[in-house]
Amino acid sequence: VQLQASGGGLVQAGGSLKLSCVASGLAFNVYNMGWYRQAPGKQRELVATIRREFSTEYSDSVKGRFTISRDNARNTVSLQMNSLKPEDTGAYFCNAKSIMATFNYWGQGTQVTVSS
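The sequence shown begins at 1 in my numbering and counts up by one.
Possibly wrong hints are sitting among the right ones.
So the derived label-pair ranges between C-beta atoms look like this [said to hold, decoys possible]: (1) S116 with R51: 32 to 40 Å; (2) A73 with Q43: 30 to 38 Å; (3) P86 with L46: 14 to 22 Å; (4) D60 with A13: 18 to 26 Å.
Read the hints as simulated data drawn from the structure, not as lab findings. From the three backbone atoms N, C-alpha and C, an ideal C-beta is built for every residue, glycine too.
Produce the entire structure from the sequences given, and follow the hints as far as they go.
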């Protein structure tokens, strides 16, 4: 199983970025997908999830600014990030979790840096 994340970069506060994660080696449509982030010196935290039935959840800190989506035909989950803030800075990780969390996969991080 591979989860290949891309789209990170350096952006000014108020700007936008779109992260993408392409999955391979798993039945993508039956997995719940998520984005997590980890800032230096902090624990990894949940940013957003999209379940296999397309329901979504967001952390309070990103509600109204970030949008998670999935394209089962392309085995891709995306995170559109708008109105970025310096506190959004961190490594962003793609996650695939099966029902009952029997299988749990992580991609490599993609760095997002928001300058003030």
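Evaluation of the provided hints:
no. : hint                      : verdict
1   : S116 with R51: 32 to 40 Å : 34 Å, holds
2   : A73 with Q43: 30 to 38 Å  : 34 Å, holds
3   : P86 with L46: 14 to 22 Å  : 20 Å, holds
4   : D60 with A13: 18 to 26 Å  : 19 Å, holds
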